[in-house]
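Student: Okay, here's what each chain looks like letter by letter:
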Amino acid sequence: MKSIRFRTQLMLSFWIVVIMALCIPAFYIYQTLEKDIYKEANAHAFTQLDFIHWLLKEKPDFVKNQAPARFERLDQWCKKVGKQLNYRITVVAAGGRVIADSDVAYDKIKSMDNHAGREEIISARKYGKASSIRYSITLERKLIYAAKNINLANAPSGVLRVAIPLSTVESRLGYFSRQFWGILLVIFIISTLLSLFLARRLEKPILDIIEAATTIGEGNYEKQLDIETGVEFSQLSAGINEMSTKIQQTVQQIIEQKQELEAVLEGMVEGVMLLDKHGKIKATNEALTWIAKCVPSCVGRRPMEVFLNPEIAEACNQILKGKDAIKQKVEIDNKTIYEVNLVKIPEGGAVVVFHDISELVRLEKVRQDFVANVSHELRTPLTSIKGYAETLQDKKFRASDQSETFVKTIVKNADQMSNIVNDLLELTKLQQQQREMTRLSAIDAAACFSSAWETCIPMSNEKKISIDNRLPEALPVMGDKNSLIQVFCNLLDNAIAHSPPDTAISVSAETTTEAVTFKIIDEGSGIPQQHQGRIFERFYRVDKERSRASGGTGLGLSICKNAVTGMGGKLWVKSPPDGQSKGSAFYFSLNRMAS
Amino acid sequence: MERHFIKELDDLKMTLLNMAALTRRAFEKATQAYLNRDEALARSVVEGDREINNLELKIDQIVLKLLALEQPMARDLRFILGATKISKELERIADQAVNIAERSLFLCQHPPLDHLPAMDQLIEVADAMLDAAITSFVEENTQKAIRIRQMDDIADKYTLEVLQTLIDKMVKSTPGAEKRILNTRRAVQTIIISRCLERVGDLATNIGEHVAFIVEAINIKHQKIDFDE
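As they're listed, the protein sequences go chains A and B. Remember, the working numbering sits 21 above the position in the first sequence when you count from 1. Remember, the working numbering sits 133 above the position in the second sequence when you count from 1.
Extracted from the complex, chain A is given alone in its bound form (with noise of 0.2 Å):
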C-alpha cells in the first residue's frame, strides 16, 4: 500500500464499489432471466411437439405400406412438416436407428448415427417426454431437442424429436448482457473521472502540506501554508503554520543560547574539554587545543594521547567510573601548572577545566624563598656579631691584643648587615618610583659609566681585570642619573666577581633611532640555561655557597632589574653570548627620547 499513489487507491475503491454494487445485483438478474427464458423455451418445445404429435396421429396411417415405402413416406412427411414449421423432426426407431428426419435426405438417413445414447432419446423412453439443451454438430448451432414416445395405431412406434433452435433465446440474453457491459464500461469510465476529480481535490493539500512538512524538516520555517479546502484541511494547515513558527522561535532561542555558551567557552583562559561516556573528548575550548597543543584538534582522541599525563587520564577513568568531582594540581610540559577540576555529567562524560596555576606557584615560591633568603642572609652575620660581642663582654678579653681584631669583624659584619638592609630598601624605594613613575632627564650614560668604573677600579685591580669600554664619549639617554650609576656599578661588579683573574670586560652600546641598548660582556663560567629565569629575583643565587663567599648580598640584580625598568627600559641576559662558548652578556636598553 506504501508505493501506491492516493489517486489510485481513490479509483481503485470506487471501482471496486461499483463492481460489487453493479455486478452482484446484474449477476443474479441474469441468472433468473436466462433460467426463465429456458423455461419458457422448453415449454414451447413441448408445445410443439404435442402439435406435431398431434399432426401424426391425424395423419392416414403408414401402416399396412411396405416398409420401406412407408418409412419413406413418414420421412417426406416429416420434411413437409419441418419446412412448414421450420423446425427439424427426427423420428427414431425403438433400437436406436433414425427412421425419418426433416433435415436429412433420405438417402443419407441410413448412414446417420445410432440415436440410442441422446439424452432426450433416454429420458422420453423413460418418461414419455423429454427435453434437452445441445450443440447440433449437424447444424452448427444450439438446439433444444424435445422427445417424446410414440405409440399409434397408424405410424411406426419409436420416438418423435424436434429439435428448434435456440438463436431467439441466446439473442435475447446477448442483447441483456450487452447492455450490462456497456452501463458498466460507461459507469466505470464515470466513476474513474469521479475518482480522479475528488483525488485531485483531496491530493492538492495533502501535497501542500508534505512540501511545507520537508520545508520544514529542512530547516527553513519561514513557510507558511494556506489551504482552504475542507475545515479539516485549514485547520490541519494552521496548526503545521503554528507548528513551523514555535520550531523556529525555539530553534532560534536554542541557536543563540549555544553561541552565548559558545562565546563564554572560547573567551575563557581556562581549558574546557567535554569527554563521552566512552572517555574520548567530545568538544575543546580554544584554550584548551593551546594548552594541549592538539594539531589539528583533540576530538575523538583520548586525554591520555592528547596530554601524555598518567595523572589526567588516571582521574577522567575515576571520573568516568562514577566519582562525582576531582581537583587535581597537574604539571604539563615541565612548566605550566594547572589545577585541573574535573565534574561528572549525570547523563555519562565529564567537563574537565584547566586552571593556570603556574603564576601563583611561581609567586609563592619566590615569596617563600625571600623570607628564608632575607632570614639566612641577615642571621649570618648576626651570629657572628653576637659571638663575638658576646667574648668581649668578658673583660679581660677587652684588655687583649685580639679584641682589637673581633671588634673589626663586629663592623665589617654590621656593614654587610647595613649593605643588605641598605640594599633592601633601594629595592623598595626602586619599586615604589616604579609605581610613581619618576620624572626622567636627559643624562650622558658614558658619563655614568665612567663614575660607576671608578668605584670598581679598586676590585678589578685585584684580579687583574682590564675594560674593553667601546662606549661614545657622549651618549644621551632619558633616565636618572644615580640609578644609572648603580646599574653599570652592580652590573660591573658581577662581571668582576665573576671572571677569572687577568680576562677582560667589554662594554659597549647600540644605538637605534629610538632606543640605546647597552652590553656588558664577561669571560666568566657563564649561567646555566636553567638559572636564568630566576636571577633577578632577589637573594636568587645561581651557586649558593661562592657568591656568599664573594660578599654580594644577593640584590645587585634585582636592583638592575627594578632600576631600569624604572627608566622604562628593560634587562636581559645572554649566557653564553651569541658565538662564544662561555662567559655571560647582560643587556639592557634605554630610551633616547622622552615617551
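Warning: the hint list may mix true and false statements.
[Stated by the list, open to error] Mimicking DSS-like on lysine-lysine, the simulated pairs with C-alpha atoms at most 25 Å apart in a straight line are:
{"id": "1", "chain 1": "A", "residue 1": "K163", "chain 2": "A", "residue 2": "K100"}
{"id": "2", "chain 1": "B", "residue 1": "K191", "chain 2": "A", "residue 2": "K301"}
{"id": "3", "chain 1": "B", "residue 1": "K302", "chain 2": "A", "residue 2": "K485"}
{"id": "4", "chain 1": "A", "residue 1": "K60", "chain 2": "A", "residue 2": "K150"}
{"id": "5", "chain 1": "B", "residue 1": "K305", "chain 2": "A", "residue 2": "K484"}
{"id": "6", "chain 1": "A", "residue 1": "K365", "chain 2": "B", "residue 2": "K140"}
{"id": "7", "chain 1": "B", "residue 1": "K305", "chain 2": "A", "residue 2": "K485"}
{"id": "8", "chain 1": "B", "residue 1": "K277", "chain 2": "A", "residue 2": "K603"}
{"id": "9", "chain 1": "A", "residue 1": "K298", "chain 2": "A", "residue 2": "K314"}
{"id": "10", "chain 1": "B", "residue 1": "K290", "chain 2": "A", "residue 2": "K301"}
{"id": "11", "chain 1": "B", "residue 1": "K146", "chain 2": "B", "residue 2": "K198"}
{"id": "12", "chain 1": "B", "residue 1": "K146", "chain 2": "A", "residue 2": "K342"}
{"id": "13", "chain 1": "B", "residue 1": "K290", "chain 2": "A", "residue 2": "K603"}
{"id": "14", "chain 1": "A", "residue 1": "K129", "chain 2": "A", "residue 2": "K101"}
{"id": "15", "chain 1": "A", "residue 1": "K342", "chain 2": "B", "residue 2": "K140"}
{"id": "16", "chain 1": "A", "residue 1": "K344", "chain 2": "B", "residue 2": "K140"}
{"id": "17", "chain 1": "A", "residue 1": "K244", "chain 2": "A", "residue 2": "K225"}
{"id": "18", "chain 1": "B", "residue 1": "K146", "chain 2": "A", "residue 2": "K314"}
{"id": "19", "chain 1": "A", "residue 1": "K301", "chain 2": "B", "residue 2": "K302"}
{"id": "20", "chain 1": "B", "residue 1": "K305", "chain 2": "A", "residue 2": "K603"}
{"id": "21", "chain 1": "B", "residue 1": "K302", "chain 2": "A", "residue 2": "K342"}
{"id": "22", "chain 1": "B", "residue 1": "K302", "chain 2": "A", "residue 2": "K484"}
{"id": "23", "chain 1": "A", "residue 1": "K314", "chain 2": "B", "residue 2": "K277"}
[Said to hold, decoys possible] Which bits of chain A does chain B cover? Going by a derived footprint, with three or more residues having C-beta under 8 Å, they are:
{"id": "24", "region": "318-326"}
{"id": "25", "region": "330-341"}
{"id": "26", "region": "549-562"}
{"id": "27", "region": "597-606"}
Read the hints as simulated data drawn from the structure, not as lab findings. For every residue, glycine included, the Cβ atom is placed at its ideal position computed from N, Cα and C.
Following the hints, position chain B against chain A.
Tutor: Coordinates of chain B only, in the frame set by chain A:
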C-alpha cells in the same frame, strides 16, 4: 568478539602511552636532578622505576593474550608486535634515567664541576628525540619517526664534546692527590651521564623505527635514508 578485540587493543595502547609518559617524566626528572643538583628528585626517579617495569610486564601480558586468543592480522598484528618492542625500549630508557639519577646523586654530594654548555645541549637533544619518538607514536607520524635519526648525529657530537672537555680537565687538573681523585671521579660520573643520554637518543631512534614498522609496514632499521627527499 570484534568489539572486545578493539577494546583490548585500545587498552594496550593506553597502557603503552602511560608507560611512555612515565618514562619521559623519569628522564626529565633525572636530567633536572643533574642540572639542579637536586637529590630528592634523583631519589624519586630511582624509586619510580618499579612502576615502569610493572607496566612492561602488563604490556607483555596483554600482548600474549591478544596473540593467543584473537589471531590478529595486518596492522593490528604489527601494532601488537610493535607495542612489545616499544615497551622494551621504554623500559631501557627508564633504566638509563635511573642511571643518570644515581650518578647525579653522587655528584650532588660533592662540589660541582664547572658548567658544561655541551651537556645542556646534549640533554636538550636527547629530550627532543624522546619527545619526537613518543609524539610520532601518538600521532602515527612516520615522517617524524624517521627524522629522529637526524638528531642522533647531533647527540653523538655533543657526547664527544663533553668527553673531550672532561678529559682535558682531568689531564690539566692540579696534581695534588686528593683533589685530583675527586676531580677524576666527578668527571667520570659526568661522562657516564653523557653516555646514558646518548643511549636514550639511540633508544628513541629505535622507537621511531618501530613506529614506522607499525604504521607503514616498512623496516628502516640498518638502512641509509636520504633525508633530502
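Student: Work down the list of hints and note, for each, if the structure agrees.
Tutor: Now for the hints, and whether the structure bears them out:
{"no.": "1", "hint": "A:K163 x A:K100", "in the structure": "holds (21 Å)"}
{"no.": "2", "hint": "B:K191 x A:K301", "in the structure": "holds (23 Å)"}
{"no.": "3", "hint": "B:K302 x A:K485", "in the structure": "holds (24 Å)"}
{"no.": "4", "hint": "A:K60 x A:K150", "in the structure": "holds (15 Å)"}
{"no.": "5", "hint": "B:K305 x A:K484", "in the structure": "holds (22 Å)"}
{"no.": "6", "hint": "A:K365 x B:K140", "in the structure": "holds (23 Å)"}
{"no.": "7", "hint": "B:K305 x A:K485", "in the structure": "holds (23 Å)"}
{"no.": "8", "hint": "B:K277 x A:K603", "in the structure": "violated (33 Å)"}
{"no.": "9", "hint": "A:K298 x A:K314", "in the structure": "holds (23 Å)"}
{"no.": "10", "hint": "B:K290 x A:K301", "in the structure": "violated (42 Å)"}
{"no.": "11", "hint": "B:K146 x B:K198", "in the structure": "holds (14 Å)"}
{"no.": "12", "hint": "B:K146 x A:K342", "in the structure": "holds (20 Å)"}
{"no.": "13", "hint": "B:K290 x A:K603", "in the structure": "holds (18 Å)"}
{"no.": "14", "hint": "A:K129 x A:K101", "in the structure": "holds (17 Å)"}
{"no.": "15", "hint": "A:K342 x B:K140", "in the structure": "holds (16 Å)"}
{"no.": "16", "hint": "A:K344 x B:K140", "in the structure": "holds (22 Å)"}
{"no.": "17", "hint": "A:K244 x A:K225", "in the structure": "holds (17 Å)"}
{"no.": "18", "hint": "B:K146 x A:K314", "in the structure": "holds (20 Å)"}
{"no.": "19", "hint": "A:K301 x B:K302", "in the structure": "violated (54 Å)"}
{"no.": "20", "hint": "B:K305 x A:K603", "in the structure": "holds (18 Å)"}
{"no.": "21", "hint": "B:K302 x A:K342", "in the structure": "violated (58 Å)"}
{"no.": "22", "hint": "B:K302 x A:K484", "in the structure": "holds (23 Å)"}
{"no.": "23", "hint": "A:K314 x B:K277", "in the structure": "holds (16 Å)"}
{"no.": "24", "hint": "318-326", "in the structure": "holds (count 3)"}
{"no.": "25", "hint": "330-341", "in the structure": "holds (count 3)"}
{"no.": "26", "hint": "549-562", "in the structure": "holds (count 3)"}
{"no.": "27", "hint": "597-606", "in the structure": "holds (count 3)"}
Taken one by one, the earlier hints fail for this structure at numbers 8, 10, 19, 21, listed in ascending order.
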